[in-house]
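There are 2 protein chains.
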Amino acid sequence: MSAGAFALIATEGAARRGRLTTAHGIVETPAFMPVGTRAAVKSLSPDDVRAAGAQIILGNTFHLLVRPGPDVIRELGGLHRFMSWDGPILTDSGGFQVFSLARLRRMTEDGVDFRAPGDGSRHHLSPERAIEVQHALGADVIHPLDECLGYPATREDTERSLALTLRWARRSLDAHRAGGSPSALFGIVQGGFHEDLRARAVAETVALGFDGYAIGGMAVGEPKPLMRELTEAVASALPGDQPRYLMGVGKPEDLIEAVARGVDMFDCVLPTRNARNGQAFTPDGPLTLKQARWTRDPSPLQTDCPCPACRQFSRAYLRHLFMSAELLVYRLLSLHNLTFFLGLMADMRVAIAAGAFAPFRTRFLDRYQAPAPSGETRGSG
Amino acid sequence: MSAGAFALIATEGAARRGRLTTAHGIVETPAFMPVGTRAAVKSLSPDDVRAAGAQIILGNTFHLLVRPGPDVIRELGGLHRFMSWDGPILTDSGGFQVFSLARLRRMTEDGVDFRAPGDGSRHHLSPERAIEVQHALGADVIHPLDECLGYPATREDTERSLALTLRWARRSLDAHRAGGSPSALFGIVQGGFHEDLRARAVAETVALGFDGYAIGGMAVGEPKPLMRELTEAVASALPGDQPRYLMGVGKPEDLIEAVARGVDMFDCVLPTRNARNGQAFTPDGPLTLKQARWTRDPSPLQTDCPCPACRQFSRAYLRHLFMSAELLVYRLLSLHNLTFFLGLMADMRVAIAAGAFAPFRTRFLDRYQAPAPSGETRGSG
Numbered sequence: 001m002s003a004g005a006f007a008l009i010a011t012e013g014a015a016r017r018g019r020l021t022t023a024h025g026i027v028e029t030p031a032f033m034p035v036g037t038r039a040a041v042k043s044l045s046p047d048d049v050r051a052a053g054a055q056i057i058l059g060n061t062f063h064l065l066v067r068p069g070p071d072v073i074r075e076l077g078g079l080h081r082f083m084s085w086d087g088p089i090l091t092d093s094g095g096f097q098v099f100s101l102a103r104l105r106r107m108t109e110d111g112v113d114f115r116a117p118g119d120g121s122r123h124h125l126s127p128e129r130a131i132e133v134q135h136a137l138g139a140d141v142i143h144p145l146d147e148c149l150g151y152p153a154t155r156e157d158t159e160r161s162l163a164l165t166l167r168w169a170r171r172s173l174d175a176h177r178a179g180g181s182p183s184a185l186f187g188i189v190q191g192g193f194h195e196d197l198r199a200r201a202v203a204e205t206v207a208l209g210f211d212g213y214a215i216g217g218m219a220v221g222e223p224k225p226l227m228r229e230l231t232e233a234v235a236s237a238l239p240g241d242q243p244r245y246l247m248g249v250g251k252p253e254d255l256i257e258a259v260a261r262g263v264d265m266f267d268c269v270l271p272t273r274n275a276r277n278g279q280a281f282t283p284d285g286p287l288t289l290k291q292a293r294w295t296r297d298p299s300p301l302q303t304d305c306p307c308p309a310c311r312q313f314s315r316a317y318l319r320h321l322f323m324s325a326e327l328l329v330y331r332l333l334s335l336h337n338l339t340f341f342l343g344l345m346a347d348m349r350v351a352i353a354a355g356a357f358a359p360f361r362t363r364f365l366d367r368y369q370a371p372a373p374s375g376e377t378r379g380s381g
Numbered sequence: 382m383s384a385g386a387f388a389l390i391a392t393e394g395a396a397r398r399g400r401l402t403t404a405h406g407i408v409e410t411p412a413f414m415p416v417g418t419r420a421a422v423k424s425l426s427p428d429d430v431r432a433a434g435a436q437i438i439l440g441n442t443f444h445l446l447v448r449p450g451p452d453v454i455r456e457l458g459g460l461h462r463f464m465s466w467d468g469p470i471l472t473d474s475g476g477f478q479v480f481s482l483a484r485l486r487r488m489t490e491d492g493v494d495f496r497a498p499g500d501g502s503r504h505h506l507s508p509e510r511a512i513e514v515q516h517a518l519g520a521d522v523i524h525p526l527d528e529c530l531g532y533p534a535t536r537e538d539t540e541r542s543l544a545l546t547l548r549w550a551r552r553s554l555d556a557h558r559a560g561g562s563p564s565a566l567f568g569i570v571q572g573g574f575h576e577d578l579r580a581r582a583v584a585e586t587v588a589l590g591f592d593g594y595a596i597g598g599m600a601v602g603e604p605k606p607l608m609r610e611l612t613e614a615v616a617s618a619l620p621g622d623q624p625r626y627l628m629g630v631g632k633p634e635d636l637i638e639a640v641a642r643g644v645d646m647f648d649c650v651l652p653t654r655n656a657r658n659g660q661a662f663t664p665d666g667p668l669t670l671k672q673a674r675w676t677r678d679p680s681p682l683q684t685d686c687p688c689p690a691c692r693q694f695s696r697a698y699l700r701h702l703f704m705s706a707e708l709l710v711y712r713l714l715s716l717h718n719l720t721f722f723l724g725l726m727a728d729m730r731v732a733i734a735a736g737a738f739a740p741f742r743t744r745f746l747d748r749y750q751a752p753a754p755s756g757e758t759r760g761s762g
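Note that the protein sequences, when read in sequence, are chains A and B. Mapping to my numbering: the first sequence position 174 is 174, numbers consecutive. One rule links them: number in my numbering = place in the second sequence (from 1) + 381.
These are computed hints drawn from the structure, not numbers from a lab. No false leads were slipped in.
A short list of chain B residues far from chain A (calculated; beta carbon distances all over 10 angstroms):
1) Gly394
2) Pro451
3) Arg503
4) Asp622
5) Arg674
6) Asp728
7) Pro740
Footprint (simulated), chain A over chain B, 3 or more residues, beta carbon under 8 angstroms:
8) 454 to 467
9) 702 to 713
Using C-beta positions, here's what the derived DEER-type ranges look like:
10) Ala292(A) / Arg503(B): 14 to 22 angstroms
11) Thr303(A) / Pro533(B): 54 to 62 angstroms
12) Asp241(A) / Arg431(B): 48 to 56 angstroms
13) Asp119(A) / Asp747(B): 39 to 47 angstroms
14) Asp747(B) / Leu104(A): 48 to 56 angstroms
Backbone N, C-alpha and C define an ideal beta-carbon position, used for all residues, glycine too.
Can you build the whole structure from these sequences, using the hints too?
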């Protein structure tokens with residue numbers, strides 16, 4: 001099976017159980033990808049990430065371009081060897097960060113010039129350069145440079161942006177084919193929040209012919225129902241025999257709802273970012289460690305969780321660490337939250353294969369979203 | 382053998398190879414104790430600390446009194462269970478931090494009232510309260526409240542302070558005996574930087590009869606030769622069949638020089654604190670990750686080191702993590718530095734037992750302190 005090959009194993013309604021083959025191994029889908037922004041999943045070692053159940057991680061092209069730079073990573077044997085992760089890696093194209101983080105942006109038909117946040121260094125990304133950088137990193141699944149609009153955006157802006165993204169997509173494909181890399185190249189479906197533009201984006205992106213399709217420009221501030229409606233429309237229009245990746249999503253309930261609408265892959269910083277804010281995800285909803293109610297609680301974060309935080313430590317101890325800003329707690333909560341997210345994906349895979357996804361979805365959401373007895377157990381994180 | 386019992390296995394000159402028995406296991410000496418300030422060795426899990434080679438860790442009574450408080454820790458089963466460390470724990474008395482960190486201190490014959498840094502909460506420590514707190518924590522080796530002077534201090538101040546520390550030592554012993562705890566209680570030898578006052582401190586502290594002796598009030602700003610001279614004078618005057626603990630020391634060269642003068646136990650924050658500043662200890666001296674020379678260096682921090690940082694990652698990657706302020710690097714460098722310190726202690730134990738400590742000391746210091754070829758490899762940290 002060639003790199004980027006995707007096999008469907010089972011379906012239930014629109015939900016899909018599949019398997020993606022990459023140069024660095026197999027990814028069982030639906031899959032969640034922990035985010036290794038700067039060549040590390042924040043606070044975790046590769047062994048930690050593997051132990052939490054990850055099969056694939058995401059790297060940010062934008063951040064790695066800025067520091068340490070693709071030349072350094074290539075010289076040190078590529079991103080896998082550099083960060084000591086031997087499993088599959090997916091990289092985004094840098095587009096999202098260029099449009100959300102970079103300073104003094106100047107965009108032309110060719111690409112975009114920007115200054116990096118932090119050190120203010122100058123960089124250039126074009127469709128060709130973004131592919132070249134991702135080839136230097138050696139990622140298994142890569143993406144074309146795209147323009148990511150926020151919400152809301154006018155129809156006129158969205159049409160102009162979509163047209164540019166499609167022209168860049170063609171240039172990216174050409175650059176990728178010329179580069180002779182074994183990576184799979186996914187197309188990115190943009191089109192903002194106009195259903196007909198999303199339909200056009202699907203048709204024209206698919207016509208170019210990619211190894212899989214990312215749904216971009218979601219989770220940028222729009223209402224949840226709108227995101228779900230458009231995700232369903234886009235996913236159902238994409239080829240049934242190729243993987244579908246919803247970029248930057250999301251909360252546990254978002255993952256379930258998107259899987260129910262036919263999405264196969266996800267990435268999100270929530271498990272690790274919220275860990276650093278003292279929030280633990282549990283089957284009964286999020287738990288916020290700063291609440292005084294946990295001060296003397298000897299029970300683990302989650303009774304049946306196999307992660308090191310739950311096997312070894314009490315809520316009382318974890319709260320103490322968080323209140324003391326001890327670095328250990330960020331790692332322990334990140335391990336727990338990733339274990340929770342990756343366990344949820346594994347549960348969904350089992351449920352779809354067994355034809356039991358519908359009751360699983362209901363049962364999970366009922367428990368996860370049930371109001372706590374006192375109204376206090378939920379935290380805003 | 383009773384808790385706190387100490388057996389001498391071998392000696393070479395003043396250097397001693399021994400074994401301390403505690404309620405939670407054996408400590409081979411000379412021993413280095415990683416500092417678990419707030420019920421965690423900074424950035425590390427108990428498994429990490431054990432894997433680095435630690436047999437015993439230190440907890441700070443002052444910090445644990447302030448947060449989460451001894452009642453919480455006792456209610457959760459004691460410090461061992463609270464932090465999930467099942468090996469020996471030694472606690473200091475809180476004296477050092479009261480006199481270096483606390484605000485709005487008010488000292489009387491009875492004890493000291495202070496406000497905690499950070500939250501400004503009010504606390505009281507007396508000799509009796511310090512013992513009570515350490516009993517609540519359930520530490521294996523505990524200490525009496527003492528007054529720790531800085532450097533320099535007048536003879537008059539030192540005499541007054543020593544007399545108070547000795548009166549507090551007697552009250553601490555009484556409180557400890559009344560408490561019925563299985564902990565060992567070490568006396569603390571103060572006396573500032575006056576050799577005759579140190580001699581008086583040894584005689585009067587030993588006369589009270591403790592399970593071991595800590596040498597306090599060192600490494601507070603005095604010149605290194607003075608510290609070594611006084612350490613030698615104090616250690617040689619202490620009972621030969623009891624353990625000797627030099628508080629808050631030190632750098633690798635300080636550990637070797639103090640072992641050569643008859644010290645058995647040490648604690649210091651250097652391995653973990655310097656890790657957070659990007660400094661790695663190596664047999665060739667400290668290595669500072671912020672130096673640009675490591676940007677493309679594929680070699681490990683230390684070629685023959687068994688720690689995870691050296692087995693899995695390059696200097697280039699670790700430098701990238703440090704320059705990116707990625708939390709992972711603090712854990713990796715802490716693991717490496719503790720492995721280095723604890724390995725040094727193990728090497729000293731082997732050397733003393735083999736009657737080869739003198740050549741080991743020369744060889745280690747020659748390599749550790751040799752100027753680097755370019756003059757660049759050493760960092761100030």
